[in-house]
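2 protein chains.
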Amino acid sequence: MTSERTKRDTSVVGNMVIAQSGGPTAVINQSLIGAILEAKKHREIRGIYGSLHGLKGLLEDRLCDLRKETPANLELVARTPSSALGSVRKKPTPEDCVRVFEVLRRREIRYFFYIGGNDSAETTLIIAEEARKAGFPIRCFHICKTIDNDLRENDHTPGYGSAARFVAQAFMGDNLDNRSLPGVKINVVMGRHAGFLTAASALARVFPDDGPHLIYLPERPFSMDKFIEDVNAVYAKHGRCVVAVSEGISDEEGQPIVAKFTRGETDSHGNVQLSGTGALGDLLAQMVKARAEISRVRADTFGYLQRSFVGVVSDVDAREARRVGEMAVRFAVSGRYESGSTAIRRLPGRTYNIAIECVELAKVAKETRHMPDEFIAPSGNDVTPAFLAYARPLVGHLPKIGRLKAVPLPKV
Amino acid sequence: MTSERTKRDTSVVGNMVIAQSGGPTAVINQSLIGAILEAKKHREIRGIYGSLHGLKGLLEDRLCDLRKETPANLELVARTPSSALGSVRKKPTPEDCVRVFEVLRRREIRYFFYIGGNDSAETTLIIAEEARKAGFPIRCFHICKTIDNDLRENDHTPGYGSAARFVAQAFMGDNLDNRSLPGVKINVVMGRHAGFLTAASALARVFPDDGPHLIYLPERPFSMDKFIEDVNAVYAKHGRCVVAVSEGISDEEGQPIVAKFTRGETDSHGNVQLSGTGALGDLLAQMVKARAEISRVRADTFGYLQRSFVGVVSDVDAREARRVGEMAVRFAVSGRYESGSTAIRRLPGRTYNIAIECVELAKVAKETRHMPDEFIAPSGNDVTPAFLAYARPLVGHLPKIGRLKAVPLPKV
Chain A
84 MTSERTKRDT SVVGNMVIAQ SGGPTAVINQ SLIGAILEAK KHREIRGIYG SLHGLKGLLE
144 DRLCDLRKET PANLELVART PSSALGSVRK KPTPEDCVRV FEVLRRREIR YFFYIGGNDS
204 AETTLIIAEE ARKAGFPIRC FHICKTIDND LRENDHTPGY GSAARFVAQA FMGDNLDNRS
264 LPGVKINVVM GRHAGFLTAA SALARVFPDD GPHLIYLPER PFSMDKFIED VNAVYAKHGR
324 CVVAVSEGIS DEEGQPIVAK FTRGETDSHG NVQLSGTGAL GDLLAQMVKA RAEISRVRAD
384 TFGYLQRSFV GVVSDVDARE ARRVGEMAVR FAVSGRYESG STAIRRLPGR TYNIAIECVE
444 LAKVAKETRH MPDEFIAPSG NDVTPAFLAY ARPLVGHLPK IGRLKAVPLP KV
Chain B
84 MTSERTKRDT SVVGNMVIAQ SGGPTAVINQ SLIGAILEAK KHREIRGIYG SLHGLKGLLE
144 DRLCDLRKET PANLELVART PSSALGSVRK KPTPEDCVRV FEVLRRREIR YFFYIGGNDS
204 AETTLIIAEE ARKAGFPIRC FHICKTIDND LRENDHTPGY GSAARFVAQA FMGDNLDNRS
264 LPGVKINVVM GRHAGFLTAA SALARVFPDD GPHLIYLPER PFSMDKFIED VNAVYAKHGR
324 CVVAVSEGIS DEEGQPIVAK FTRGETDSHG NVQLSGTGAL GDLLAQMVKA RAEISRVRAD
384 TFGYLQRSFV GVVSDVDARE ARRVGEMAVR FAVSGRYESG STAIRRLPGR TYNIAIECVE
444 LAKVAKETRH MPDEFIAPSG NDVTPAFLAY ARPLVGHLPK IGRLKAVPLP KV
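Chains A and B, in that order, are what the protein sequence lines are.
Numbering-wise, the first sequence is residues 84 to 495 according to our numbering.
Numbering-wise, the second sequence is residues 84 to 495 according to our numbering.
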């Protein structure tokens with residue numbers, strides 16, 4: 084009887100709202116659909132509402148009724164990249180919170196779920212704290228995602244495996260292209276502060292001389308002189324060179340390279356725009372042409388394809404994204420937590436396995452995680468076998484490729 | 084008896100050499116392997132040799148023995164993008180031809196196969212003509228490929244379907260990304276003179292308001308003023324705008340836009356470098372930011388991923404690429420032709436079907452084909468349903484995507 088009463092005490096009955104925020108991923112809708120389908124199993128949750136464009140939808144009371152979606156359509160949406168509810172980049176002010184609480188109160192919402200990266204975790208934390216101060220009863224949960232893989236407390240994050248898979252498949256092809264028409268090829272990969280996505284380019288290597296031959300991460304200061312030297316050395320050895328560069332590479336003082344050498348544009352927060360421009364790739368290509376005196380030099384910037392391409396998804400990533408959505412709802416209705424963030428922990432053992440935990444929002448919000456030192460080669464221009472072992476299960480089996488034995492004809 | 088003798092008269096016994104040239108494609112090795120496996124069936128063909136890096140390998144006698152490859156490895160290579168024998172961009176001089184004939188004579192080569200686009204057809208034609216003048220007995224065949232889809236005499240070309248599939252899947256994702264975080268997104272697609280690949284972006288549309296909302300092809304003069312006007316109109320209607328732009332867009336006088344507004348770099352032939360740089364995309368984005376006064380504007384240049392990405396292949400394209408390789412060998416040993424180029428003809432009828440013909444090299448060499456008028460909307464910034472009907476069977480079924488019904492909650 085006592086345990087029955089305890090259970091009843093912790094249960095909160097009401098409506099829930101879920102929203103998506105920040106940069107989309109290929110599997111972010113798996114988390115959304117996972118949460119919706121899980122919510123349907125719990126009698127504590129009545130209305131299942133979606134907020135359009137994250138916090139913006141909550142401020143404007145633009146909510147939709149997710150119980151009106153058919154199961155078949157939900158499954159189709161789960162397999163569709165990029166935030167189905169729309170996204171936003173917005174940090175709530177205290178005044179925003181007051182307005183949000185009005186909407187939540189009117190809509191009898193007692194559960195709040197926010198799918199996103201560290202900024203979205205911060206938004207969730209702000210709402211949770213302001214609600215506590217205002218005495219507004221709501222359970223706030225952040226559901227982890229980011230292709231950058233830079234959330235603290237997480238072994239890795241949903242979205243990363245699929246983006247890493249795209250990067251790996253792109254480099255597999257680009258290495259073949261460069262082998263066919265030799266020269267220097269520079270590919271710029273997303274990741275402002277963390278090099279995980281750029282590092283995934285190393286998964287493309289099949290044969291010992293395969294590119295990427297050089298990998299530059301934001302975790303190590305970038306020197307233009309060293310870069311030119313490195314390219315020359317690889318070119319001298321292989322007659323070609325494929326380079327992976329993180330968009331966020333910076334010099335010793337932390338100044339982004341693209342800003343240092345070009346008139347870099349900045350956004351309203353003073354951040355230099357890194358994505359959606361070919362400036363860094365073009366700059367590096369010009370430097371190689373001019374200073375390494377190699378004529379065929381090309382640069383591509385992978386851009387938004389990395390996070391939204393249709394048809395390249397890691398199965399493991401999709402499954403885990405679904406599971407964090409489900410687990411967030413379970414944590415919320417369990418009554419064990421008033422707020423929290425889903426975090427992926429890798430379990431020890433020979434076969435890959437994970438557990439999903441509920442961690443404090445403050446531990447995930449704002450600050451980001453970087454590549455650990457043991458994943459970066461001492462040279463500073465490559466990754467280690469430890470990184471490859473870490474990343475492989477997240478990306479899944481890559482397509483098999485081959486090359487001709489090409490046995491030379493005897494001289495006549 | 085007479086027919087027996089005729090058959091014997093037309094048969095040539097000797098070795099064959101095959102090579103690849105120009106820009107790689109995702110299925111160019113299907114043609115290579117198709118030709119090798121077909122050659123193995125014909126007793127006229129003794130040695131099956133590959134020349135490394137096209138004409139360059141022939142000039143340097145860098146040949147390999149393709150009979151030494153295992154069937155399993157050949158099949159693996161067939162599924163691997165980008166020229167497995169290596170490629171080159173080189174037009175033979177009469178002196179080159181003399182040197183090539185020396186190698187061919189020494190190697191007892193009587194069959195020459197060259198896989199490539201219109202430049203490679205020209206190389207094949209030059210070698211065939213010089214051989215005839217020199218009285219050197221060799222049968223020369225060009226095997227069609229190009230992602231640009233701009234070979235004359237062909238309904239379409241191997242390599243196009245897979246590149247078009249990549250472009251379509253990229254735009255499907257990018258449209259979802261843009262819908263999630265609205266703004267103007269400009270994507271630059273390969274294709275110097277022909278807009279077929281850029282036009283394939285239209286296959287990405289699933290819902291009526293899906294992008295690309297504007298498509299600019301090299302077949303129509305590009306006006307910056309009209310472009311800004313078009314973007315403004317779409318943005319006013321949808322609150323967002325996805326644009327597909329061919330890298331080769333030019334003004335009324337035929338000057339490439341990238342050269343007109345920037346200090347465009349040129350290659351040794353005086354061609355402005357279009358691929359492997361983000362210049363055009365960045366230029367257009369800056370113009371929209373400045374003149375349309377829309378703040379969130381991004382540009383991506385798809386670059387070399389379009390022709391070499393691993394894991395995105397049209398099945399139809401792969402099958403047809405295999406078949407042109409096979410057919411080239413059949414045409415060569417049949418004795419009906421001394422030289423020629425494989426050309427894909429679409430057969431009339433309700434279901435998609437093709438025939439592969441042997442056409443004169445001169446009809447395919449040098450000049451390129453453009454998008455016919457009936458494929459371009461009168462507005463000049465879109466394609467027609469006729470184009471979609473043309474392109475769909477080449478690209479195959481695209482991944483299914485969905486969106487939420489997002490039924491709004493009633494106002495309270």
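Hints listed in this document are in silico derivations from the structure and should not be mistaken for laboratory results.
The beta-carbon is built from N, C-alpha and C at its ideal position, and this holds for glycine as well.
One should not assume that every hint holds.
Partner residues aside, some chain A positions facing chain B, computed with beta carbon under 10 Å [what the hints assert, rightly or not]: (1) 105; (2) 154; (3) 311; (4) 315; (5) 316; (6) 319; (7) 320; (8) 363; (9) 392; (10) 399; (11) 417; (12) 418; (13) 420; (14) 476; (15) 483; (16) 487.
Straight-line alpha carbon distances no greater than 25 Å define the calculated DSS-like cross-link-like pairs of lysine-lysine that follow [to be verified]: (17) 343/B - 320/A; (18) 483/A - 494/A; (19) 174/A - 123/A; (20) 151/B - 372/A; (21) 123/A - 494/B; (22) 320/B - 139/A; (23) 174/A - 446/A; (24) 494/B - 488/A; (25) 320/A - 372/A; (26) 309/B - 151/A; (27) 494/A - 151/B; (28) 151/A - 151/B; (29) 372/B - 343/A; (30) 124/B - 173/A; (31) 174/A - 139/A; (32) 483/A - 372/B; (33) 123/B - 173/B; (34) 494/A - 139/B; (35) 320/B - 343/B; (36) 372/B - 488/A; (37) 124/A - 151/B; (38) 488/B - 372/A; (39) 151/A - 123/B; (40) 372/A - 123/B.
Numbered hints the structure breaks, given as an ascending list: 2, 3, 4, 5, 6, 7, 10, 11, 12, 13, 14, 17, 18, 19, 20, 24, 26, 28, 30, 32, 33, 35, 36, 37, 38, 39, 40
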